[in-house]
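Residue numbers (the UniProt record's numbering), protein chains in the order written: chain A, 1 to 367; chain H, 1 to 367; chain B, 1 to 367; chain W, 1 to 367.
Simulated from the structure, these hints should not be mistaken for lab results.
Mixed in with the good hints there might be a few duds.
Copies of the same chain look alike in the list, so a pair counts if it fits in one copy or across any two.
To be verified - Calculated lysine to aspartate or glutamate pairs in the EDC-like style (CA-CA distance at most 16 Å, straight line):
no. : residue 1 : residue 2
1   : K262      : E284
2   : K262      : E350
3   : K262      : E330
4   : K262      : E169
5   : K262      : E83
6   : K262      : D167
7   : K262      : E46
8   : K262      : E87
9   : K262      : D222
10  : K262      : E152
11  : K262      : E49
12  : K262      : E210
13  : K262      : E358
14  : K262      : E281
15  : K262      : D63
16  : K262      : D324
Number of protein chains: 4
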Amino acid sequence: MREIGIGIIGGGYMGKAHAVAMSAVGTVFDTALRPRLEMVAASSPESAERYCAAYGFARGTGDWRALVEDPRVEAVVIAAPQETHREIADAAFARGKPVMCEKPLGASVEDARAMVAAAEASGVANMVGFNYIRTPASQFARQLIAEGAIGEVTWFRGEHTEDFLADPETPFNWRCEGAANGTLGDLAPHMVNAALALLGPIASLSVNMETVHRNRPGGRVDNDDQAQLMCRFARGTMGQMHFSRIATGRKMGYAYEITGTKGAIRFDQEDQNAIHLYRAEGPEAARGFTRILTGPAHPDYLPFCQGPGHGTGYQDQIIIEARDFLRAIETGETVWPSFRDGLEVARVIETARASAHEGRWLDVETE
Amino acid sequence: MREIGIGIIGGGYMGKAHAVAMSAVGTVFDTALRPRLEMVAASSPESAERYCAAYGFARGTGDWRALVEDPRVEAVVIAAPQETHREIADAAFARGKPVMCEKPLGASVEDARAMVAAAEASGVANMVGFNYIRTPASQFARQLIAEGAIGEVTWFRGEHTEDFLADPETPFNWRCEGAANGTLGDLAPHMVNAALALLGPIASLSVNMETVHRNRPGGRVDNDDQAQLMCRFARGTMGQMHFSRIATGRKMGYAYEITGTKGAIRFDQEDQNAIHLYRAEGPEAARGFTRILTGPAHPDYLPFCQGPGHGTGYQDQIIIEARDFLRAIETGETVWPSFRDGLEVARVIETARASAHEGRWLDVETE
Amino acid sequence: MREIGIGIIGGGYMGKAHAVAMSAVGTVFDTALRPRLEMVAASSPESAERYCAAYGFARGTGDWRALVEDPRVEAVVIAAPQETHREIADAAFARGKPVMCEKPLGASVEDARAMVAAAEASGVANMVGFNYIRTPASQFARQLIAEGAIGEVTWFRGEHTEDFLADPETPFNWRCEGAANGTLGDLAPHMVNAALALLGPIASLSVNMETVHRNRPGGRVDNDDQAQLMCRFARGTMGQMHFSRIATGRKMGYAYEITGTKGAIRFDQEDQNAIHLYRAEGPEAARGFTRILTGPAHPDYLPFCQGPGHGTGYQDQIIIEARDFLRAIETGETVWPSFRDGLEVARVIETARASAHEGRWLDVETE
Amino acid sequence: MREIGIGIIGGGYMGKAHAVAMSAVGTVFDTALRPRLEMVAASSPESAERYCAAYGFARGTGDWRALVEDPRVEAVVIAAPQETHREIADAAFARGKPVMCEKPLGASVEDARAMVAAAEASGVANMVGFNYIRTPASQFARQLIAEGAIGEVTWFRGEHTEDFLADPETPFNWRCEGAANGTLGDLAPHMVNAALALLGPIASLSVNMETVHRNRPGGRVDNDDQAQLMCRFARGTMGQMHFSRIATGRKMGYAYEITGTKGAIRFDQEDQNAIHLYRAEGPEAARGFTRILTGPAHPDYLPFCQGPGHGTGYQDQIIIEARDFLRAIETGETVWPSFRDGLEVARVIETARASAHEGRWLDVETE
Ligand SMILES: NC(=O)C1=CN([C@@H]2O[C@H](COP(=O)(O)OP(=O)(O)OC[C@H]3O[C@@H](n4cnc5c(N)ncnc54)[C@H](O)[C@@H]3O)[C@@H](O)[C@H]2O)C=CC1
Ligand SMILES: NC(=O)C1=CN([C@@H]2O[C@H](COP(=O)(O)OP(=O)(O)OC[C@H]3O[C@@H](n4cnc5c(N)ncnc54)[C@H](O)[C@@H]3O)[C@@H](O)[C@H]2O)C=CC1
Ligand SMILES: NC(=O)C1=CN([C@@H]2O[C@H](COP(=O)(O)OP(=O)(O)OC[C@H]3O[C@@H](n4cnc5c(N)ncnc54)[C@H](O)[C@@H]3O)[C@@H](O)[C@H]2O)C=CC1
Ligand SMILES: NC(=O)C1=CN([C@@H]2O[C@H](COP(=O)(O)OP(=O)(O)OC[C@H]3O[C@@H](n4cnc5c(N)ncnc54)[C@H](O)[C@@H]3O)[C@@H](O)[C@H]2O)C=CC1
């Protein structure tokens, strides 16, 4: 057990989540490295000071470079907007500091490509914050598919839908401009990552995308409100996805259904402690989808609670990420999902956007 | 109250369903016309005899022409395979007899077009058997959308998925050959009809279709196991659909979700007596999807039962159809869905098939 | 196949349900006896005339004795209020006519006892209308328990809850007076019958009962709004029940959960086409409640539909009853639930009422 | 922001949960007092050392007295078995140290009474660990009832059911002996506390209790496997409860349904991020139970996540408790649930046990 100084850039939604995770992860997982909240950076000294006090960091700064360069900061978490990811990561890697970067990996596929190069050149730990796939339920889904529990996979449907911009009267905000902040740029990466993790590479796709609410109080929206796609996985499976920020009624619509020749899986993040499994075996009269509550028998659940069905939550996903990031730093081994995995996602998103513009099927190029 | 002699062609799955419906409809709905099970036709005199006895018809015949021509048969129900629909309908209309035809309307868009022409030339009642949209729940969904209860519609997702051919070891049968008997030809019409009924015409679509299990014991499959589509409705709404007969675990996966600016609707035929409605109104803390159990307050429920939540079933949908068919005969008014509505569906299916072959977006032509 | 003349007394909620069932049952089940709607009796000639026309009976009468005595009426269905059951049944049995009587069996345990005596003396078919236990799902639950699929049964919880009198402003009506029309008298019999069918006799019980809304517009309520009980089954299992007509939000709250050493069953009539089964076997990680949709693999489903998950409804339960009643008449065999089964229920209800008044545990006497 | 040294007695299931909570609470809630994991006590020096290292405490001890007396330990958390609660609490209060004690409050009502006296004599913060009622959903339920959202409450049903001893072959362990470790002693307190929090005092009750599996490999069970009760709340409401550790299939069956004249609430901890609310208002056709996903609009949710529906878990409940305990220490104000609240629960449990033995209704005495 050794302490490690953590610097977090950003103290908003995700900056706080990572600060909590770093506070708790050692106790939850008995990690070899024990985080110390060393420094937080924000867009101004004042907000940095506020986050510093609220979350219990030793110091705050209005300049992320100061954080990256600080000798007591031994690992960097990037929880600032996508436009900042690349420059920060470059600076951290240049100093040989491990980086955990929030999704998406940069604001474009070029960013992602450059970030992978920098990460791999530095040789230090690098990881992307795809947290939803970390639930015990979704980890279990991966296991089931890998083990062949549902046979040969014949269908995938995924969605990431929320309704935070469903009301056309919701005022214009930063999420309303820039491709990286639209639905494809901001929400889709989570589900695309899930699709890749569950079924492997996507070979080709055809996308339809649109801005439903073009005008909002305060500004004109220039990015997408929703998108859908049809795709073909490299393994041959047919797939379908939908991404939306105007899905009225959906709060955390990260959901998938996966069908195989011998069974099927259904999952919805709005009931994240359950996974539904169908198996085409045994007498017909007893078949159906089984609602399995996660518990100690499922991946990464036990350290949170000894009782099955007692449940984990959003914050726990980030704690699981922190455990892996620390392990990567400690062991020097690559951890999933690395920047390279983030780049795979970025390439799918890029191709999706191109397909939407051209209105036709496109292959997803391999690097 | 006047008796009417009914002739049903086919005594299998749907032939029986219509025979039951004709037996019960008068008592359920106090119809002006009261059906008399006059005659049943099947592919052989023997099976006709069996159906005749089992269902309680006055007579049976191995020759559908005998049925159509019989003076005591005053209205014809076609519950034989799609390939037979056109010829039978033509013959019935030629004799001025009303026709209720099972879905799809013929085996091709040409069939459908010819059948509409014959129906309209004859001027007698004509109707297509899209029964699922008849549940009190789906009728209520139509009402809600028409009234604007969920605002401007921004998204539609529909599926018709079952698993009767999910097992690759299930032997080859007649559903495994001929486009009209594949997933797009056989299952899709129900959901396409629903989409049209709920949201209006589809302007364009892009389809992906495949045969997952090409070889089965007993033969080589030449039609589609599953298909998916992206579409744009004429009203501007983005849509997505999926059709499958290999959806392991799905028994009656006729399901849709419809999102609007002020609310959303979710329905799944596997829980046909409930509909889920979200309304973006009232305090945030009290919002969510409301599971509404159908009851006397919903369309066509009361005649089946005075108690809410007591439920209707598959057979009741056919009884509701029978009520409308009798009403059309009695009043001479067009009833929904008429052959023309069946043709609209056929055109979408035809365009879908073309899109799948060409691998690109196509417009759905209007006649 | 032989016709049989049916006389139904009562043309309200249940009278109509039985009329529909008698119209459809022959076609659905290919019964040896085929009902003919011969006569309907109501409280006045006018209403009888209305029912006669609406449901398609040959004749109507304001005097139930005329019906019972009519030679063309070969079997009698009692669908009039509980106070009338005994007298009508007596008259029918005296003429050797089979009787299907709506639940409860008479207005008191004395009625029930006398009715059993009359039925058994006559030797003709007799049956009580406990319809809910007839769903394919509940029949399957019976099978599962009988086969030991959930091991030794350790717990039973049942409820029959609805909300038709939940609003204290709902005006006084006939259900508001007379023990036989209160919650214990009117609703409880269904669930008590289910409990007996599923687990066998109840040995003892302790009951709590109350009238929540004593005054209603139009009158003072003299019977119970809700009741609950703890019980011990003769097989040793602990049980719990709840009955309510003021259960706001519950429309058809006929629900039970049954726990055993090797599994558990959950059922709710508000989702009548599904049953939830847990089995304590296989790997821990894959256990959970399986939502089984009823289909052709379950009792009495196939005659209604060939497709699983397509669903049956309230009316279909009555059709299943009709099939059994006809079979009993045809074969002369006792059919479940006979009047004797209705008496078992009546004795439990009677003991429950006594326990509620005395505020203590009472044994349920065996005859 | 000031540091406070925390000593935790017990490092098992709950000892760890509190250690995690104390690590995270400051960052989550920006508390005025910031916990420092000062010392952990266990039943042996070795296990204490293990916990110390794993969870990140400064020191460990095999003697809880050393912990209580340590000057750097400023507040004590008791997470050892019920038999130890009283002695430890007494010692801590004697030194003027605040105590957070896991449920139940001691091993008997005498313990609880003595502990309240000691706590009140000391005048320092005291709190009992009823965590399940802390979810945003259950806190919201309390609010709804208090505000009259469901009108006058007419019915309460609660259960706390799990299946950790459902298999009769599960070997004998400490939970199998001693009233305090049986189902009534161990599980019931959570739901009784919920009942009191939601509806207020229980006036009287009648209980039925049993040991289903008397013999287990390794020993003879002397306490209860399951119990049920009927009760009357002081406000007049009728209630029903069930507690079980042999409820096959139930993992976290902490569930309740509360009915009122204007609405109803349903909650099940196995889906802890949702609460179901029915309101008897608006058009009949749109009524039903609304599944509300918890989010920033609900109590104590926002500090965990800005997104609604993203979910909290078991561990987060303990973090909320820690926040309140720290607040109580800081402000000197009584916090809910205090030892006095724990005593209320203990009195109900005691009366329940007496009722079970006497087999009759008993009043719950007020102190
Ligand atoms: N994994 C997940 O579930 C989620 C991930 N995200 C991702 O996390 C990242 C941050 O998003 P949110 O936390 O939602 O944003 P936010 O708006 O809540 O917070 C952004 C933070 O970045 C800081 N910041 C902005 N520019 C900066 C600069 N130049 N130097 C230093 N600090 C700067 C701001 O002061 C603020 O503290 C984004 O990349 C976003 O895509 C966001 C939400 C959920
Ligand atoms: N609305 C719905 O839910 C469903 C509709 N259908 C439709 O109903 C129609 C019939 O399908 P099923 O009942 O499933 O088929 P089936 O195979 O169960 O029965 C077909 C019947 O048609 C009769 N038949 C075949 N050729 C004939 C001929 N030349 N002359 C007279 N009778 C002939 C056969 O004897 C048999 O009785 C099809 O168009 C199908 O698409 C089928 C199933 C469900
Ligand atoms: N199995 C079930 O799900 C249900 C069973 N029931 C039972 O069915 C029976 C009838 O109840 P509902 O149909 O709800 O009542 P209802 O009030 O709807 O109809 C009662 C019918 O009985 C007739 N009637 C009354 N007194 C008569 C008399 N002296 N002679 C001839 N006809 C007379 C009335 O004219 C009316 O047609 C009751 O025993 C009730 O407990 C009622 C509802 C549901
Ligand atoms: N709120 C909740 O959800 C739950 C509460 N509990 C309660 O928490 C308490 C502890 O239960 P668990 O954590 O499940 O037990 P456990 O068996 O997992 O751990 C008990 C701990 O107490 C320690 N201990 C035992 N005797 C001791 C002594 N004399 N001195 C110092 N340490 C001692 C042991 O070393 C062990 O670390 C009990 O009162 C129990 O009722 C337990 C589980 C869940």
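Regarding K262 and E152, is the shortest C-alpha distance of 16 Å or less found within a copy, between copies, in both, or in neither?
Only inside one copy: K262 and E152 sit 7 Å apart there, 32 Å across copies, limit 16 Å.
_Alpha-carbon proximity context of K262 and E83, limit 16 Å_ = Classified as neither; 44 Å inside a copy, 33 Å across copies.
| Should K262 paired with E210 be assigned to within, between, both, or neither, using CA atoms and 16 Å as the limit? | neither (37 Å within a copy, 19 Å between copies)
- request: State whether the alpha carbon distance between K262 and D324 is at most 16 Å within one copy, between copies, both, or neither.
  value: neither (33 Å within a copy, 39 Å between copies)
- Check K262 against E169 for me: Cα-Cα at most 16 Å, and say if that holds within a copy, between copies, both or neither. Close across copies (11 Å), not inside one copy (47 Å); limit 16 Å.
**Request:** Go through the copies and call it for K262 and D63: within, between, both or neither, with a Cα cutoff of 16 Å.
**Result:** neither (55 Å within a copy, 43 Å between copies)
* Classify it for me, K262 with E358: is the Cα-Cα distance of at most 16 Å met within a copy, between copies, both or neither? => neither (37 Å within a copy, 32 Å between copies)
> Is it within, between, both, or neither for K262 and E49, if the alpha carbons may be no more than 16 Å apart?
Replying inline: Answer is neither; intra-copy 56 Å and inter-copy 40 Å both fail.
Notebook entry, point to check: Between K262 and D222, at a C-alpha cutoff of 16 Å, which is it: within one copy, between copies, both, or neither?
Noted result: Close neither inside one copy (44 Å) nor across copies (23 Å); limit 16 Å.
### Homomeric proximity label, K262 with E350: Cα distance no greater than 16 Å
neither (34 Å within a copy, 32 Å between copies)
Go through the copies and call it for K262 and E281: within, between, both or neither, with a Cα cutoff of 16 Å.
-> within (8 Å within a copy, 19 Å between copies)
Requested in this report: With 16 Å as the alpha-carbon cut-off, assign the pair K262 and E87 to within, between, both or neither.
Outcome: Neither, since 47 Å and 41 Å both go past 16 Å.
Hints 2, 3, 5, 7, 8, 9, 11, 12, 13, 15 and 16, counting from the list given before, are not met by this structure.
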